[in-house]
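Heads up, the sequence shown is in our numbering, so the first residue is 1057 and it goes up one at a time.
By construction, these hints were calculated from the structure, which means they are not laboratory data.
Given the structure is predicted, the values throughout are model-derived calculations rather than measurements.
The C-beta atom is built at its ideal place from N, Cα and C for all residues, glycine as well.
Please note: incorrect hints may appear among the correct ones.
Claimed, not checked - Have a look at the derived ranges for each label pair, beta carbon to beta carbon: (1) 1120 to 1072: 13 to 21 Å; (2) 1076 to 1097: 28 to 36 Å; (3) 1078 to 1102: 26 to 34 Å; (4) 1091 to 1060: 22 to 30 Å; (5) 1076 to 1118: 13 to 21 Å; (6) 1071 to 1124: 28 to 36 Å; (7) 1079 to 1101: 34 to 42 Å; (8) 1106 to 1080: 28 to 36 Å; (9) 1074 to 1099: 16 to 24 Å; (10) 1097 to 1122: 18 to 26 Å.
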Amino acid sequence: MGQQLPDGVAVTGDLSGAIGYSPEAGVLGLVGSGESRRDHSGAPPIRLASARLLLDGDSIHLQPSEFQAAAKPRWRRRNTSGARKP
1057 MGQQLPDGVA VTGDLSGAIG YSPEAGVLGL VGSGESRRDH SGAPPIRLAS
1107 ARLLLDGDSI HLQPSEFQAA AKPRWRRRNT SGARKP
């Protein structure tokens, strides 16, 4: 439909469903996927066991879905002052 993902965003998985368009209502439809994954540079990946997207005019709604997100890396504070900790 002419839409592109923002730079640095990648989505993998298969979609199936129906999408329609009318000048009055815009884009309407429901699409679903099996297992899918969303990657965004600088963020942990998100995996969805299954997902259903409702397209309603200018809105896209992700219906309740089970997902798994990778943990953020833990940051360690470095002692850069040269002083030793007791």
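Against the structure, the hints:
Between residue 1120 and residue 1072 the C-beta distance comes to about 19 Å, which sits within the given range of 13 to 21 Å. Against the hinted window of 28 to 36 Å, the Cβ-Cβ separation of residue 1076 and residue 1097 comes to about 33 Å, which satisfies the hint. The given range of 26 to 34 Å is respected by residue 1078 and residue 1102, whose C-beta atoms sit roughly 32 Å from each other. Under the hint 22 to 30 Å, the C-beta atoms of residue 1091 and residue 1060, about 23 Å apart, fit the expected range.
Distance hint for residue 1076 and residue 1118: a CB-CB separation of about 19 Å, consistent with the stated range 13 to 21 Å. Checked against the given bound of 28 to 36 Å, the beta carbons of residue 1071 and residue 1124, roughly 19 Å apart, lie outside it. For the hinted restraint 34 to 42 Å between residue 1079 and residue 1101, the CB-CB distance of approximately 38 Å keeps it satisfied. Checking the proposed 28 to 36 Å range against residue 1106 and residue 1080 shows it holds: the Cβ atoms sit about 31 Å from each other.
Distance hint for residue 1074 and residue 1099: a CB-CB separation of about 31 Å, inconsistent with the stated range 16 to 24 Å. For the pair residue 1097 and residue 1122, the beta carbons lie near 25 Å from each other, so the given range of 18 to 26 Å is met.
The structure does not agree with the numbered hints 6, 9 stated previously, though it agrees with the rest.
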